[in-house]
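Assemble the complex: chain L is given as a structure, and chain F must be docked to it using the hints.
Protein chains in written order, with our numbering: chain L, 10 to 277; chain F, 10 to 277.
Just so you know, the hints here were simulated from the structure itself, not pulled from any lab data.
Just to be clear, a hint being listed does not mean it is correct.
[To be verified] Here are a few chain F residues that face chain L, going by a calculated C-beta distance under 7 Å:
(1) Ala108
(2) Phe160
(3) Pro193
(4) Val195
[To be verified] Derived pair list, reagent style SDA-like, types lysine to any residue, alpha-carbon separation capped at 20 Å:
(5) L:Lys141 x F:Lys141
(6) F:Lys141 x L:Arg156
(7) L:Lys141 x L:Glu118
Beta carbons are placed, not taken as given, at the ideal position from N, Cα and C, and that holds for glycine.
Number of protein chains: 2
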Amino acid sequence: MPTLMPIGGAIDQENPALISEFIRRSGCEQARVVILPQASELADTGETYKQQFLKLGAAQASVLEFRSRDLANAAENLEPLRHASGIFITGGTQMRLSALFGGTLFEQELLVAYQRGCLVGGTSAGASILSKTMIAYGRGGPTPRERIIQFSPGLGFTDRFIIDQHFRQRDRLGRLIYAVTCHPGVIGLGLDENTAVVLEDDDRLTVYGSGAVTVVDGSQISASDIAEVQSRGAVAVAGLTVHVLTQHSTYQRSTRSANLPLRALKNN
Amino acid sequence: MPTLMPIGGAIDQENPALISEFIRRSGCEQARVVILPQASELADTGETYKQQFLKLGAAQASVLEFRSRDLANAAENLEPLRHASGIFITGGTQMRLSALFGGTLFEQELLVAYQRGCLVGGTSAGASILSKTMIAYGRGGPTPRERIIQFSPGLGFTDRFIIDQHFRQRDRLGRLIYAVTCHPGVIGLGLDENTAVVLEDDDRLTVYGSGAVTVVDGSQISASDIAEVQSRGAVAVAGLTVHVLTQHSTYQRSTRSANLPLRALKNN
Chain L
10 MPTLMPIGGA IDQENPALIS EFIRRSGCEQ ARVVILPQAS ELADTGETYK
60 QQFLKLGAAQ ASVLEFRSRD LANAAENLEP LRHASGIFIT GGTQMRLSAL
110 FGGTLFEQEL LVAYQRGCLV GGTSAGASIL SKTMIAYGRG GPTPRERIIQ
160 FSPGLGFTDR FIIDQHFRQR DRLGRLIYAV TCHPGVIGLG LDENTAVVLE
210 DDDRLTVYGS GAVTVVDGSQ ISASDIAEVQ SRGAVAVAGL TVHVLTQHST
260 YQRSTRSANL PLRALKNN
Chain F
10 MPTLMPIGGA IDQENPALIS EFIRRSGCEQ ARVVILPQAS ELADTGETYK
60 QQFLKLGAAQ ASVLEFRSRD LANAAENLEP LRHASGIFIT GGTQMRLSAL
110 FGGTLFEQEL LVAYQRGCLV GGTSAGASIL SKTMIAYGRG GPTPRERIIQ
160 FSPGLGFTDR FIIDQHFRQR DRLGRLIYAV TCHPGVIGLG LDENTAVVLE
210 DDDRLTVYGS GAVTVVDGSQ ISASDIAEVQ SRGAVAVAGL TVHVLTQHST
260 YQRSTRSANL PLRALKNN
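Extracted from the complex, chain L is given alone in its bound form:
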């Protein structure tokens, strides 16, 4: 079953339960994880994750490092994706990923791996890149304002959800509302730090982690002035549906339904 696992950045290093969940969803002790560090400009990003994945029980973890588009068409770099049960994309700058992988055989192979059921996930930039039209840059603030974000074409694992990260920590509700109002067919997912969703079949998602996931559904927007506002003015929009979901809450796109986990009643 095609499954994505975007994470909102800043994974808790004392209690890396999200990495453990990634391993569990990649086949538990059979997990073969390929780490893509290309969003990062730091030399040791991939290796740090590799050690963490191995320590937490993945059978295999390897870093697939290259930085030229030629090598994104080379057979030696396509082969590891064919054997992976999980592909993990690190943080950094999401445009590095689209500029490097876009239009290459490597990009095609990533989409093939996703379709055959290999878990594809990532944190921060590695979460944003999963969308077809992604948020590339932007400013913070609670109010949607004209041009508060710059979109760019992502890797396109989903065109139904647009993913933002470091969500409450960087005060990004305004920009996510802007993104959804631009084209209300897209559902916005604002992932707090150390918080993730597991998205199955591009439809059903479950929340994991210590923060919240803010779901912004624009399908019931009755009106907005987004095409008229100029000079970074505030954008008006009526009829957004918003859900704030925490661990084990679920959301289904096809039915537009959010469900909070059942809590057992206390015995007195």
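Only chain F this time, still in chain L's reference frame:
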């Protein structure tokens, strides 16, 4: 066969051959054309096109006008799309189209019409909106610069081509190169004014009109610094393939081949 016909704006009113070509591709004297004026803020835009389509020989032409998202889910506005042989989207502001139609039944019905072979075309904003990730705003100039454009989610008839218009007239080569370099899997089409392409099966295109179509193919980009440049600096990119095509030239995406029309040799 799914067919798109984006036009670069400023259709020649003395010699509206592009409108005649639109009618021919919509079934000649059987053409039933639906005009969508929602990108425009002028009250008579739709009616002006309607008169032109009828004068040039379309069997039927009607303006489908509404400006609220409720009405983009109303059966009365879906029905005309089911009987159209051509759908023509006027110029104006492309964000008006995505903010109004995005996520509605009307958007779905447009895509269904396209898939069943109804010609879908438009001019200026009506051309840009056809792309999955579209160019929403931007600046002119020959050099690609950081954030020279703002993308936004379009209506998504094609995710293989990104369309720009008023191309030479507004000096937009820099921004089209920028767009392609962001994700080199997307092919840039820069349409001059009074110039169009007919794009069949999301693969083969033929050029019509008095100007040129600039095709920017990024698949052979060897390197760029687009993810590193800041503060509107100039972007470096190596290995673009560019074709400048005029009337009756063709281009095929699957083979990356451009062909100029054969010219008969003169007898001396």
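### Query
Hint by hint, which ones does this structure get wrong, listed from lowest number up?
Violated: none.
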